[in-house]
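**Student:** Next come the chains, spelled out residue by residue.
Protein chains: 4
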Amino acid sequence: MTEAGKTWAHHEVGKKLSNWGRWGDDDEIGTLNLVTPEKVAAAALLARTGKRIDLGMAFDKNGPQDGGFRINPVHTMTWTPLDTAGLPDGMISADDMIVMGLQCATQWDSLAHVGYDGYFYNGVPSTAVRPGIGATKNSFATANDHLISRGVLLDIPRLKGVDVLPDSYEITSADLNEAEAAQGVTVQPGDVLCLRTGWYKYFLDGDKSKFGSGPEAGPGLEALEWFRDRDIAALAMDNWAFERYPTVVEGSVIPVHQVAIRDIGLTIGEMFNFEDLAVDCAQDGVYEYLFTGTGLKISYSVGSPVTPIAIK
Amino acid sequence: MTEAGKTWAHHEVGKKLSNWGRWGDDDEIGTLNLVTPEKVAAAALLARTGKRIDLGMAFDKNGPQDGGFRINPVHTMTWTPLDTAGLPDGMISADDMIVMGLQCATQWDSLAHVGYDGYFYNGVPSTAVRPGIGATKNSFATANDHLISRGVLLDIPRLKGVDVLPDSYEITSADLNEAEAAQGVTVQPGDVLCLRTGWYKYFLDGDKSKFGSGPEAGPGLEALEWFRDRDIAALAMDNWAFERYPTVVEGSVIPVHQVAIRDIGLTIGEMFNFEDLAVDCAQDGVYEYLFTGTGLKISYSVGSPVTPIAIK
Amino acid sequence: MTEAGKTWAHHEVGKKLSNWGRWGDDDEIGTLNLVTPEKVAAAALLARTGKRIDLGMAFDKNGPQDGGFRINPVHTMTWTPLDTAGLPDGMISADDMIVMGLQCATQWDSLAHVGYDGYFYNGVPSTAVRPGIGATKNSFATANDHLISRGVLLDIPRLKGVDVLPDSYEITSADLNEAEAAQGVTVQPGDVLCLRTGWYKYFLDGDKSKFGSGPEAGPGLEALEWFRDRDIAALAMDNWAFERYPTVVEGSVIPVHQVAIRDIGLTIGEMFNFEDLAVDCAQDGVYEYLFTGTGLKISYSVGSPVTPIAIK
Amino acid sequence: MTEAGKTWAHHEVGKKLSNWGRWGDDDEIGTLNLVTPEKVAAAALLARTGKRIDLGMAFDKNGPQDGGFRINPVHTMTWTPLDTAGLPDGMISADDMIVMGLQCATQWDSLAHVGYDGYFYNGVPSTAVRPGIGATKNSFATANDHLISRGVLLDIPRLKGVDVLPDSYEITSADLNEAEAAQGVTVQPGDVLCLRTGWYKYFLDGDKSKFGSGPEAGPGLEALEWFRDRDIAALAMDNWAFERYPTVVEGSVIPVHQVAIRDIGLTIGEMFNFEDLAVDCAQDGVYEYLFTGTGLKISYSVGSPVTPIAIK
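Residue numbers (this note's numbering), protein chains in the order written: chain A, 6 to 317; chain B, 6 to 317; chain C, 6 to 317; chain D, 6 to 317.
Keep in mind that the hints are not guaranteed to be accurate.
Any copy will do: because identical chains look the same in the list, a pair fits if it lies in one copy or spans two.
Stated by the list, open to error - Dumping the calculated SDA-like pairs for lysine to any residue here, alpha-carbon to alpha-carbon at most 25 Å:
#: 1; residue 1: 165; residue 2: 291
#: 2; residue 1: 66; residue 2: 213
#: 3; residue 1: 56; residue 2: 178
#: 4; residue 1: 206; residue 2: 175
#: 5; residue 1: 66; residue 2: 284
#: 6; residue 1: 206; residue 2: 74
Simulated from the structure, these hints should not be mistaken for lab results.
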């Protein structure tokens, strides 16, 4: 519970933007409900040339984790051609396995990932995340098949004429409106908004002081109303922290996560690679595409690794 | 190496159907090259109503593995709301991780999964699968973004008027042709063929004597030529063994795997759930759809878990 | 919490046998306190010939787990000689890793493993086991170095003239006294009591219907007072269930665990292999030995895998 | 294979010190054969007061690994009291699991860990380490029960009057002889030699630039003859690199490992904590003790985590 008698700015924002009950009391997927069949069919038409652009980070030991709280994927071979020597017909085969944090690289947070005051999205009590089972409500397994929709890239560093936004830069609704105007695209209900900060460059450069710790650019509380007004289905970022970090809400660490996930019911993505996409969009001037970002239907999960694809 | 002086029927078939060199000497994805941008764009148009049908098995401890060679997914919580008690703003959060065989449930085999006589697809030597690294060639990471195409379901048990094909039933090219005719659909180059045996029913029934061991229905060597002639991009099955099991090729265990993956360069899928899809297709008479079946871009992997979706 | 108004037989026993506070309010290791330095020094003298007898189950995929709640150890190579080819001085090397349930094979339960009514041993509240951290009190890490002491085998099937005790046989204090008399040995304070049921034979036979499920022989509530009176430091069993299973305490599953661990503060071991030891003791008539059974000092763990050794 | 025509200093040393065949052609444990039953019985007498001194590093995420090649232990709860709410008799329980590199913290290297020119100890070919199985010869599982013997600490920094030896300091046979003289102890056949460099201090200080990378003090090729002459059973070090690092043998990385493990058949240990032991020995002047350092009997393993104990 929050400190007695204290009013938190983000909780006030949360109350105002709440989607609780909007899709029924049993709803577990929030704004992904906006990805209706009609939305999917319309999004599919955006695959005009069929060009695929990969938005995912490779899953391997060179990921951004430092070996503490979350681990980078550990991929091991459980069988190799060396193990099949001597089969009569010369058969060779290989098998492998993985150990990974579900939040270790490009990933979605489910609506059981973050909340406050004892509740997750739609009044799900904190105890619904059971230590020995996982998220018995708001699991990513329920949400997974809704992550195909229209994708729209808003490229804020391009708008600002920089490669990467400044440290701790807060992306505002004004920025979002200006980017729409500059790019000639409009964010619509049910879209998966891909919001570029340029931060992925630091990952590509191997700079762990910038990607994985330290100040980052991202949306603040102010932009949440814009996301809610536009009724986006999901928001994917190309940084580690998702939101502007550190926050200006004193005593809080990730207030934007809290309101986005718990109150708005917004599925959020982190560590997406928008570098190739940004170049492509700048070249053809088309900032919309068919976005396929389904992950894995892992029962009771609070998130999922994903290798998303933009198809133009 | 194979036994000296012995001629193997499947190796002969492999020679005849080989795609080695067809897409260049450095090609690592085989028939997935047939999923051209044009193919993707055309496939997208099949998402007519935007209806989504999930083709994946849930990833959890109730999977089909028996705890020996491959393990079912082990999903554990690494952080829960219980661990965040006392944060000033009442924040709660949860994180999780997974340990899983990449071939444990619904999955794709990469072109480094099976071969014979010291080689994988396109002349990649067996030593390219390095025990400590994985598949340095023919990895699934290279193939992943091509697994979006036109999907076509051929429902063989429906053709035969049964719920599930008989044990060890071999699906033939005649069956495939008849199913096309009966269903009014034609398999085309670049398609992801979804071939139903009905076997998934045994998994749903929890019958491990039928799903995971014992005789299974599937294609034999004879059908491989049909797959090659039609130039399908990938073949997904709803059983465990993929191919008719046990095989009639004495001294061999999985000869169809060998030829399909190594010689044709065909990406194959196992343990797909076609039950809902089959009902839907029977109802509307439409056996084609936009198939999205990208998995995870795991570096050097010889396969990937996947939660595929059919969109009609 | 227990059902209101109901009195449970094992809770009454627990109250009577409680060791809470005996070694101070902050004590986390219970009866292991009885393994004093003097006890260790005296135990060492039992290593008369230096003969080693291995009491552990091999840690591998052929363990007793069935792939559900707990998994058998998954051991994979992360590096092999194949990966070092080409080093100038011809160096080859290999590395490996493991994934395992800490309770999957021969193991100790720490005093944070089982309790009731919201408390573990010595008044540690259930919340001291934090989902994201583990046992912040009563961890095995604290207990580990005390698991070297005098070991005594009581061979109950031998006493009864059978290979294996009958299903659900309850080992009583009378049995324990008779075994002492028959074997010419006396259990003393601080001993690690190794209590044989013969059940390990079923594991060696690969009979999972007998080892891992189904009725088992073991101590019941009645024997707990004997263990408490004799002040044993730890109790190791050669079966899966530890206690007589199923219990006669209706509505309870493992009441002996509860009282032993929570009230007496007794460290208990499961799935020990006493087969070789039993043969050896029958031959030389010596049922006491230096017991070394330290496991791994895993921070915050509620148990540990162990490969114990008896030295005579 | 080594470079043609080149003579390597360490291979020459290896030839001279070789123990191949000494304990038979099928021997898999090398110098651990020197831990005879008589040796164990004599060692047990060194447990004079029964005082235990823990020599192990805690297994947890704060270990020395950096998340690349080897991972620190990942310990997760698979069941907690939160998951047992509602059982009639109020039972609570907890279970846990671990993922760990077997070489991640305090550990033994088996005789299948390092070799050269295609062979491990006693002529075992490199192919005996099978990627999908592990060490089919020279596994740690075979060696484990021999790791109880007389332990002797030689405290080289104390001899030199420093806290920690200088970077890349090479411990010589002269140092070993002088330490024996100064400490009044003699290393004997079958001993587990615990050789202190003081390096563990850097781990305790959290200085990863000194522990886990960078130059380290340790024995060089010269000292190997001393180890062989004294017929020690095992050699445990308190640093990361085991040997003096970097080596002066150009073109080689870990030549001392190679000769010790492959030619001498010496089981070696790394990352032991000798800090408390060193203080204790300095206080009572007794540098010998009962050493118990059995790890886990993991089938086909090339090493084992261990929490060793010195008992004086």
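**Student:** When the structure is checked against the list of hints, which entries are broken? Sort them ascending.
**Tutor:** 3, 5
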